[in-house]
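Chain order of the listed sequences is A and B. Be aware that the first sequence starts at 799, since it is given in the working numbering, and climbs by one per residue. Be aware that the second sequence starts at 799, since it is given in the working numbering, and climbs by one per residue.
Hints in this document: simulated from the structure, not taken from any laboratory. None of the values given here were measured: they were computed from a predicted structure. Incorrect hints may have been included.
In silico DSS-like links for lysine-lysine, alpha-carbon gap of 25 Å or less [unchecked claim]: (1) 924/B to 1012/B; (2) 992/A to 918/B; (3) 992/B to 918/A; (4) 925/A to 992/A; (5) 876/B to 992/A; (6) 918/B to 1049/A; (7) 992/A to 1012/A; (8) 876/A to 992/B; (9) 837/A to 876/A.
2 protein chains.
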Amino acid sequence: MTRSAPIISVDAMGADHGPSIAVEGIGHILRRRPESQAKFLLHGDEAQIGPMLEQADALTRERTTLLHTDSEVRMTDKPSEAVRRSRGSSMWNSLVSVKNGEADVVVSAGNTGALMAISKVVLRMKKGVHRPAISASWPTPRGHTVVLDVGANVECGPSQLVEFAIMGEAFHRAVHGSSEPTVGLLNVGQEELKGNDTVRAADRLIRDAGIDFKYHGFVEGDDISLGITDVVVTDGFSGNIALKTAEGAVKLVGHWMRESFTSSLSAKIGAAFLSMGGLDHLRSKLDPRSINGGVLLGLNGMVVKSHGGTDSEGFATALGLGIDMAGSGFLTEIEANLARLIAAGEAQSQAAQ
Amino acid sequence: MTRSAPIISVDAMGADHGPSIAVEGIGHILRRRPESQAKFLLHGDEAQIGPMLEQADALTRERTTLLHTDSEVRMTDKPSEAVRRSRGSSMWNSLVSVKNGEADVVVSAGNTGALMAISKVVLRMKKGVHRPAISASWPTPRGHTVVLDVGANVECGPSQLVEFAIMGEAFHRAVHGSSEPTVGLLNVGQEELKGNDTVRAADRLIRDAGIDFKYHGFVEGDDISLGITDVVVTDGFSGNIALKTAEGAVKLVGHWMRESFTSSLSAKIGAAFLSMGGLDHLRSKLDPRSINGGVLLGLNGMVVKSHGGTDSEGFATALGLGIDMAGSGFLTEIEANLARLIAAGEAQSQAAQ
């Protein structure tokens, strides 16, 4: 459901650093995106959040509705326990708001496994999807590459990888605006003989399924940041390792950069000139808070997962992604893609009879 | 075998850009490491390399012995074909020099699969090792983290991961000089319940084997560049993806950096001051040629694999790694570690009887 003014349902209790992250995050995103007209349903403990909201700026107060919840999902809760015990928690209720059509998208910084499990119960999966995936939008010189799965499914069969391709392609078209996104399958080499059985089988499945999207074939790790394809498909084990390893490498470069910028007087003068010039732009590019927000794909409803340990600026980025998604045709795109997948499967099984 | 002056056996025909890479690489490393006294056995086509050597500087000519070979392994050869057909090739003969004790270490930029397969035939594997691994030395703020396997074994069982831990720990002690290297197992989370069956089983095996090295437990992707442990163990699929994804991320940061340094006049002035200060240091840190060289572990002999597409500066880095290894006690260290692994296995099977 899309409206002219997006309504974002927020799990205010999910962030490691408490509900102030969500309240201040709303303030930041309203200043960054004054044109959006976004409104927020804030699910959480009134006793904690009420006073924070009273201290907030007028626009935040005007656009936010606080909805009290008695409990919250903890970071240590196992997904199965969370599903049984979390009815009425801030995470649960934030999802119910989307299910009931009161909001367009959920944003939560809570426990990933619990969010995945509760989302499946509250929103249910789309027809044709066996398990949801988490996607990350990876910045590249050409725009964004959508990488999935980045951690929801540590072991995936070939048909799941095909579903991820379908969902990622629809997501890129809807949110990043490509008319014909290209899709690559992450592997350790580009030749057809390389890799493990699962990726080789997925490669054949995609080619044989006759789904009319632009399939590039295998890509390697360095192709992600180069933006060789718009979508990169992988299992949640390799995807999570790729995402976190890249984050670590970028932090390492940041460390070396600070070292060089303070290594001598002329370096310090240079850094001072640069900060008038392009350094702030570079800093914001390298700031993990500027790319915060994974998206749960495959559900009847849109869910954004923020890093648990983010600050309010990072949470604002995840809220901004929610606003983009609310205004996009993502759910329609993904349904159209899944219908093509199901049709291709039926055509194949008829041909086999 | 170590000598006061290391002897490096070079497969001169392996690099994508031809044998000039090896000839010029020798010149570069002799200038970078004048104290090493290194000598080189250069295996390759005399008709091509002879004239290049005649053009080379006096020191390169003095330290290099050219050994003619009629054939070479091509990048497109499958490992099994290469083993059958490559006897007498530059790759094969460079390995034979180490087997016969004429050289301490082999350096090749040739086809990885073929190098692995031919190394197993010529040098054979150490007792206790089922398959060799390729390790990469990853720069961190604390020194180097040894990551293995980065591409030799795309599917690994738990006991193989334990062997990688044993070999990586010995390698770090011998080449990077730690007295007690710490070992981590790459996973998607630090909790014991996270990850797939293989890494959980390997975690238990390492804990139960009673091998007295410093086992840290699970690490995540971002821990590699932070240098949380000295050794990071993973299967060749995830390890290759991690390595290449990090390379891609570092290239992306380089792209953004060039963008910022030329985005305005003050940025250009800043970059000019920086180039007097610390920028060259940063550039060399970010230069993939400065970290070129994977090492094949688990063989009765030392083998360094250079990137195929490297230039002569990058090849010199791989030669430098070979010089470091020649002067190290790596083969002794790894044998001591493997003996501990075998002893631990025997103690366990006796206890089980």
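Legend entry - 25 Å Cα cutoff - pair residue 837/A, residue 876/A: Violated, because 32 Å separates the two Cα atoms, which is more than 25 Å.
Legend entry - Restraint check for residue 918/B with residue 1049/A, where alpha carbons must lie at most 25 Å apart: Violated: residue 918/B and residue 1049/A sit about 38 Å apart, past 25 Å.
Legend entry - Distance restraint between residue 992/A and residue 1012/A, which requires alpha-carbon spacing of 25 Å or less: Roughly 21 Å between the alpha carbons, so the hint for residue 992/A and residue 1012/A holds.
Inset, instruction - Mind checking the alpha carbons of residue 876/A and residue 992/B for me, to see if they're no more than 25 Å apart? - result: Satisfied, since the Cα-Cα distance of roughly 11 Å is no more than 25 Å.
Legend entry - 25 Å Cα cutoff - pair residue 992/B, residue 918/A: This hinted pair holds, its Cα atoms lying about 20 Å apart.
Inset, instruction - Verify the proposed pairing of residue 925/A with residue 992/A, using a straight-line Cα cut of 25 Å. - result: violated (33 Å)
Legend entry - 25 Å Cα cutoff - pair residue 924/B, residue 1012/B: holds (23 Å)
Inset, instruction - Decide if the proposed pair is consistent with the structure: residue 876/B and residue 992/A, CA atoms, cutoff 25 Å inclusive. - result: This hinted pair holds, its Cα atoms lying about 11 Å apart.
Inset, instruction - For the pair we were handed, residue 992/A and residue 918/B, check the Cα-Cα distance against 25 Å. - result: Status holds; Cα separation ~20 Å.
Figure legend: structure checked against the earlier numbered hints; hints not met, in rising order: 4, 6 and 9.
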